[in-house]
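Undergrad: Listed here are the chains, written in short residue letters.
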Amino acid sequence: MALIELEKICKTYRSGNLHVPALVDLDLQVDTGEFTALAGPSGSGKTTALNLIGCIDQPTSGRLRIDGRNVADQTVPQLSDFRLYQIGFIFQSYNLIPVLTAEENAEFVLMLQGMRPEERQQRVRPLLERLGLGGLENRRPSDLSGGQQQRVAVARAMAARPKVILADEPTANLDSSTARELLELMRELNRDEGMTFLFSSHDPLVLEHAGRVVRLQDGHLVGDERKDG
Amino acid sequence: MILWKLAFRNLRRNRRRTLLTLAAMVASSSLLILSLGVFSGMFVDMLASVTEQYSGHMVVAGKGYLDRREMHATMDQAQAVTEQASRLETFRGASPRLRSFGLLSLGDRTQPAEVLGIDPTREIQVTQLHRKLVDGRYLDPDEDHGIVLGVGLARKLRAEIGSELVFVTQAADGSIGNDLMTVRGLFDTGSVANDNGLALVPLHWLQETIALPDQLHEVAITLKDPLQAKPTAAVLAGRLDDRLEVRDWGQMLPEMAEVIASYGASTLILSMILYAAAGLGIVNTLYMSVMERTQEFGVLLAMGLHPAQVRRLVLLESTVLGVLAMVLGATLGFFLTLWMKTVGIDLSGSISSITYAGGTILPRLHAEFEFRNFWLPSLLLLVTAVLAGWLPARRAARLQPVEALRED
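Sequences listed follow chains A and B, in order. According to our numbering, the first sequence is numbered sequentially starting from 1. According to our numbering, the second sequence is numbered sequentially starting from 230.
Honestly, the hints are just simulated from the structure, not real lab data. Warning: the hint list may mix true and false statements.
Below, computed lysine to aspartate or glutamate pairings styled on EDC-like, alpha-carbon distance capped at 20 Å [to be verified]:
| no. | chain 1 | residue 1 | chain 2 | residue 2 |
| --- | --- | --- | --- | --- |
| 1 | B | LYS234 | A | ASP192 |
| 2 | B | LYS234 | A | GLU208 |
| 3 | B | LYS234 | A | GLU119 |
| 4 | B | LYS234 | B | ASP274 |
| 5 | A | LYS227 | A | ASP175 |
| 6 | A | LYS163 | A | GLU34 |
| 7 | A | LYS227 | A | GLU208 |
| 8 | B | LYS385 | B | GLU343 |
| 9 | B | LYS234 | A | GLU103 |
Bound conformation, chain A alone (with noise of 0.2 Å):
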């Protein structure tokens, strides 16, 4: 069974009497470990897919079901508890939260969780060796650089350990090496724990990365080429 099953999902958003469609009948099956890109232009529904997909937004109609539960039938606290455990988020302006440190912004989901400081602490510690960021950890994120931000999200969105992590427009507030090489060690993790990663993005580099890349255009699928190993 798919990781994540997108059945004729369709998104219309409404401005007054207009009714603009992001997402026309889209069909999509991403599986456990892969990393897949969503690859379109400006307005082709990439961030809707993963808007829907990270269960922050309905579809309008379709069925999208992930990890086998179907998520229309989930209520607001479940669908929290949902992203909470499953889900993690990699926004394209990092979103980190400015009173927290680094390491307590990489914390936070755990925190959440309700998980001990030791345990938390033995989970982020080595994640963030790993993300170079030793020796920032007590740094505020408005001390850090835009790549030095974007690590600590990542760090955030994997050290729950969820089953998918979203990324939007991971770099797209990156300068090119910093994006290689964030995008490597993202692979890298893919790689190690399994986790699947799903990117919307039209940055070539990205796409380079990714192991799937999955065209929109105008809320249609256009293409979906799969690269070996």
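Starting from the known structure of chain A, arrange chain B on it as the hints suggest.
TA: Frame of chain A, contents of chain B only:
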């Protein structure tokens, strides 16, 4: 725990705004505590103006005397009354008195006056008139023809220390009682009624003059706690001869009793008016803070924070602000009240005494401590802070993560 950490750090995030809001809350709370302390001081003054300058906290008299002030309604159980009263837990002092209404003359000037026959050594346990002297001295224990007058009465008679006054009244046996009195002292209580119409004379002299030997009209009693007067009066009444009746100051001055009883409601209304303004300030601060953090709330919700936890986070921020303001406000209020109690402000240069509800409000600002003057404003401030946080908290909890994330 993480919500507490976030709440504290969020409050420190925009320190100037938090400090300004906190300052407004502390100022409202401490000034309210001070105002209530001043009100308490005013009530204490008003009560003292009556009880400590004239009536005492309770009066024991022959049945009917207190309503009609009829000269013949006398009593002679001074010893028994004093004995029973002294066994009361809150007893402080008792003074036997005889009263007469007559005319005081000096030269061609005549004024009506209430002449109160007292035992000076006993009376100072009940009233504080001996401390209100502005000229001369108080009556001596062995005084014979001495008289102490209110300053207003002395002014009308143009009397001064050493002046000889003629006192004329009707005696109990139908004759005309009259005698010469020498002015020994002048008191100024601030109470118009006392200063313009009261004179103190030796008890035994008045008993002879109005032909009521060994008779009294009342025994005035003071207690350590005037607020215990009502139940204490009931206890004393049960122990006395049924030809006597006991009245507490609340029965003698029902208007003042009502004023003091309505004080609780006035306090609540005053607090609510003041805190309505402070509450709007908190709502404004928290709303701005929530609006500025819309995207952050979107992130928190996306990461799995429940809407109820988001609501709790904002409420925690307002509660922390409320608790801080409550502690600081009560502390500042304590010191302001202490200052107003020990130093006070003298207003006698610009205003004079005001008689209200039977008591006298002195031309001064001075405060008294009362526990409820602290707990009520403090508790209401905390409630205001929590209520003020409710709307912003609800807004934050209702955010849709995907829409919140789009906010800049």
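Undergrad: Work down the list of hints and note, for each, if the structure agrees.
TA: Hint-by-hint comparison with the structure:
no., hint, result
1, LYS234/B - ASP192/A, "34 Å, violated"
2, LYS234/B - GLU208/A, "41 Å, violated"
3, LYS234/B - GLU119/A, "19 Å, holds"
4, LYS234/B - ASP274/B, "49 Å, violated"
5, LYS227/A - ASP175/A, "25 Å, violated"
6, LYS163/A - GLU34/A, "11 Å, holds"
7, LYS227/A - GLU208/A, "10 Å, holds"
8, LYS385/B - GLU343/B, "15 Å, holds"
9, LYS234/B - GLU103/A, "14 Å, holds"
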